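Number of protein chains: 2
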Amino acid sequence: MNMERNQAGDWRSCLRRVTPYVPGEQPKEQNIIKLNTNENPYPPSPAVVQSLKQMDPVRLRLYPDPSCGTLTKALADYHGVGTDQVFVGVGSDDVLAMAFITFFNSDRPVFFPDVTYSFYPVWAELFQIPCECKALDESFRIRSEDYYKANGGVIFPNPNAPTGLVEPLSFIEDILEHNRDVIVVVDEAYIDFGGQSALPLLARYENLLVTRTYSKSRSMAGVRIGYAIGSPELIRAMQDVKYSFNSYTMNQAALELGAAALADEAYFKMTTDRIVATRNAAVRRLTEQGFHCLDSAANFVFATHPQYDGEKLFAYLRQHGIYVRHFNGPRISQYLRITVGLDEEMERLYETLERAYGSL
Amino acid sequence: MNMERNQAGDWRSCLRRVTPYVPGEQPKEQNIIKLNTNENPYPPSPAVVQSLKQMDPVRLRLYPDPSCGTLTKALADYHGVGTDQVFVGVGSDDVLAMAFITFFNSDRPVFFPDVTYSFYPVWAELFQIPCECKALDESFRIRSEDYYKANGGVIFPNPNAPTGLVEPLSFIEDILEHNRDVIVVVDEAYIDFGGQSALPLLARYENLLVTRTYSKSRSMAGVRIGYAIGSPELIRAMQDVKYSFNSYTMNQAALELGAAALADEAYFKMTTDRIVATRNAAVRRLTEQGFHCLDSAANFVFATHPQYDGEKLFAYLRQHGIYVRHFNGPRISQYLRITVGLDEEMERLYETLERAYGSL
Numbered sequence: 001m002n003m004e005r006n007q008a009g010d011w012r013s014c015l016r017r018v019t020p021y022v023p024g025e026q027p028k029e030q031n032i033i034k035l036n037t038n039e040n041p042y043p044p045s046p047a048v049v050q051s052l053k054q055m056d057p058v059r060l061r062l063y064p065d066p067s068c069g070t071l072t073k074a075l076a077d078y079h080g081v082g083t084d085q086v087f088v089g090v091g092s093d094d095v096l097a098m099a100f101i102t103f104f105n106s107d108r109p110v111f112f113p114d115v116t117y118s119f120y121p122v123w124a125e126l127f128q129i130p131c132e133c134k135a136l137d138e139s140f141r142i143r144s145e146d147y148y149k150a151n152g153g154v155i156f157p158n159p160n161a162p163t164g165l166v167e168p169l170s171f172i173e174d175i176l177e178h179n180r181d182v183i184v185v186v187d188e189a190y191i192d193f194g195g196q197s198a199l200p201l202l203a204r205y206e207n208l209l210v211t212r213t214y215s216k217s218r219s220m221a222g223v224r225i226g227y228a229i230g231s232p233e234l235i236r237a238m239q240d241v242k243y244s245f246n247s248y249t250m251n252q253a254a255l256e257l258g259a260a261a262l263a264d265e266a267y268f269k270m271t272t273d274r275i276v277a278t279r280n281a282a283v284r285r286l287t288e289q290g291f292h293c294l295d296s297a298a299n300f301v302f303a304t305h306p307q308y309d310g311e312k313l314f315a316y317l318r319q320h321g322i323y324v325r326h327f328n329g330p331r332i333s334q335y336l337r338i339t340v341g342l343d344e345e346m347e348r349l350y351e352t353l354e355r356a357y358g359s360l
Numbered sequence: 001m002n003m004e005r006n007q008a009g010d011w012r013s014c015l016r017r018v019t020p021y022v023p024g025e026q027p028k029e030q031n032i033i034k035l036n037t038n039e040n041p042y043p044p045s046p047a048v049v050q051s052l053k054q055m056d057p058v059r060l061r062l063y064p065d066p067s068c069g070t071l072t073k074a075l076a077d078y079h080g081v082g083t084d085q086v087f088v089g090v091g092s093d094d095v096l097a098m099a100f101i102t103f104f105n106s107d108r109p110v111f112f113p114d115v116t117y118s119f120y121p122v123w124a125e126l127f128q129i130p131c132e133c134k135a136l137d138e139s140f141r142i143r144s145e146d147y148y149k150a151n152g153g154v155i156f157p158n159p160n161a162p163t164g165l166v167e168p169l170s171f172i173e174d175i176l177e178h179n180r181d182v183i184v185v186v187d188e189a190y191i192d193f194g195g196q197s198a199l200p201l202l203a204r205y206e207n208l209l210v211t212r213t214y215s216k217s218r219s220m221a222g223v224r225i226g227y228a229i230g231s232p233e234l235i236r237a238m239q240d241v242k243y244s245f246n247s248y249t250m251n252q253a254a255l256e257l258g259a260a261a262l263a264d265e266a267y268f269k270m271t272t273d274r275i276v277a278t279r280n281a282a283v284r285r286l287t288e289q290g291f292h293c294l295d296s297a298a299n300f301v302f303a304t305h306p307q308y309d310g311e312k313l314f315a316y317l318r319q320h321g322i323y324v325r326h327f328n329g330p331r332i333s334q335y336l337r338i339t340v341g342l343d344e345e346m347e348r349l350y351e352t353l354e355r356a357y358g359s360l
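Protein sequences, first through last, are from chains X and H. For the first sequence, the numbering used here assigns the number 1 to the initial residue and increments by one for each residue that follows. For the second sequence, the numbering used here assigns the number 1 to the initial residue and increments by one for each residue that follows.
Some hints could be false.
Since the list gives no way to pick one copy over another, a pair counts as held whenever it fits inside one copy or between any two copies.
Stated by the list, open to error - The calculated lysine-lysine pairs, modelled on BS3-like cross-linking and capped at a C-alpha distance of 27 Å, are:
id : residue 1 : residue 2
1  : K149      : K134
2  : K73       : K28
3  : K269      : K73
4  : K149      : K312
5  : K28       : K53
These are computed hints drawn from the structure, not numbers from a lab. Only a predicted model underlies this, so the values are computations on that prediction, with no experimental measurement involved.
All chains, please: the whole structure from these sequences, using the hints.
Have a look at this one:
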């Protein structure tokens, strides 16, 4: 290393250049129907509203509890696990980023599906983690055999996104059985809308990490809460990395509102049940319109129309005030990912699509 | 790379092992006097209290604006810079972590003082950035000549912590003049309590990044807001990395309360003036008790007593319900870092110290 100073050197050469993840649009217009980022159409639980009202502004002068005690305890009780098995973060993106940096430290590539949450390859690039995408089969299913080969870790969502397809517990267990020497992360962002959680497998697999979010089923995307459940050893390693990054990630509001949300199971069940009913109706209605819809276990429908171009449908809807998500990636560019909204919002969607067919 | 599967391999070998930063205690007891983590003794501004009251819980179901538009605009207006010159994060720790990963990508070591914010070496370890500590001089001052040699970036707080010593603008400029080929980060967490900000130098140095926090002078440690101001090119690079990490770091509460806080300059001035007055009185009172106090420009006093052991004083105070900070590091183990509290809290401190002298 040449320690002579070369003042002609450009500071720009020190910059890290990355290709960032592109989140769905957050349009500022008021009168649109927003079915593009898998938010919940229902407001947060009345318990959350109450907690917000009672929040003590004077407490805000102090740092929050860095161990996130109240929220961690509430989550541990809710899921029937120890407080040393829960890690909380600023949305599940923060939790997953911490998992990547904590668990994927092998020379071998991390495996994940080719069509999946598009943040995985972004974290791999950011943290310089080798990775390998495993192609979904022709019906967009994950092939468990693809994950038998030696690797540096495995991550996939269940239900998968943007497909919405869920795999049974036996499938998860098969992957775990073939990956006892690495960490396996099951991203359960959408599990409350369908399918069986991998949480019961924690008792037998210390190398399993399950992640969750408040952004979908808890109607709290704006509060930024995600969490992971795993063996105390995995959680401790994540905590150490988190404390090396930022000691206080969860603000006081997130800690209080997050704990409050768990108290109201009836509201949670009612709203998720409604979303599931609206989703099932949506699959029916869209199919009647000629769409091919994947079998969704999530709060969105992934659908393609054999007669109409995906990008054109997306643009038409957008022009008419309905935002859905369209990905320009290979294999899925003909699909729309439509978040399940209120019934009346969905009616507007069906009507607008009918008009689209006449004009495209 | 051997891609044969060795199921006897242990998943533990995949874990990242780090030595985390240890934050100051956040004790749960109610009746203590908390002078250990440089929080503000005054509540957040009435504008913040008002904003909290008016917060719309229904909005929480939606993702926050990923560009943090309202808060960024408010900060840009406040500081008279462009919105493309402001980066916001979850406390200045988040901002600094992003700066480390974005800007310190050289084979050469990053330079920072030996006695300084103890998170710097932790980030360097986490992100595997080579670094070199430059010893403060015998009066705990940063020596600018130490930063002339070729390096991979420079970071220091001004005022420095835990010393509280501030350097003039000419000093910052000298360092910038000798470091045109790397990024120089000036961490101004405490600048509102004394000294001149480096912000005016931004007009001439595109490689300068200035960071700030709401945790000290804005009485909002519990809301987790920090920010950086720099050239549009630096800010864009940080945004790209941030979007590769977590698109939505700032929750709705932080965005709204953060913008509201800036509206009330009178309250801000009043509370910081009071803290400065209490600090100056503290230096006088502690000096009268035989302490040697460094010349603080921050909201804390860094002091050592020639007759009494630093750790013993710390333990005595703690036992009597007064939490201050004691660092076990080389050169500073005889010092206490005492956050400036309310006048009545400081009186309790002086009385308790007087009693300590009789019993130690």
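Verification of the supplied hints:
Within a single copy, K149 and K134 get their C-alpha atoms as close as 11 Å, which meets the 27 Å cut-off; across copies the closest is 48 Å, which misses it. In this assembly of identical chains, the alpha carbons of K73 and K28 lie at most 27 Å apart only when taken from different copies (15 Å versus 36 Å within one copy). Taking identical chains as interchangeable, the C-alpha atoms of K269 and K73 lie at most 27 Å apart only when both belong to the same chain, with a minimum of 21 Å there against 39 Å between chains. Taking the shortest Cα distances, K149 and K312 never come within 27 Å of each other, neither inside one copy (40 Å) nor across copies (58 Å).
In this homomeric assembly, K28 and K53 come within 27 Å of each other (Cα to Cα) both inside a single copy, at 26 Å, and across copies, at 23 Å.
Hint 4 from the earlier list is the only one contradicted by this structure; the remaining hints agree with it.
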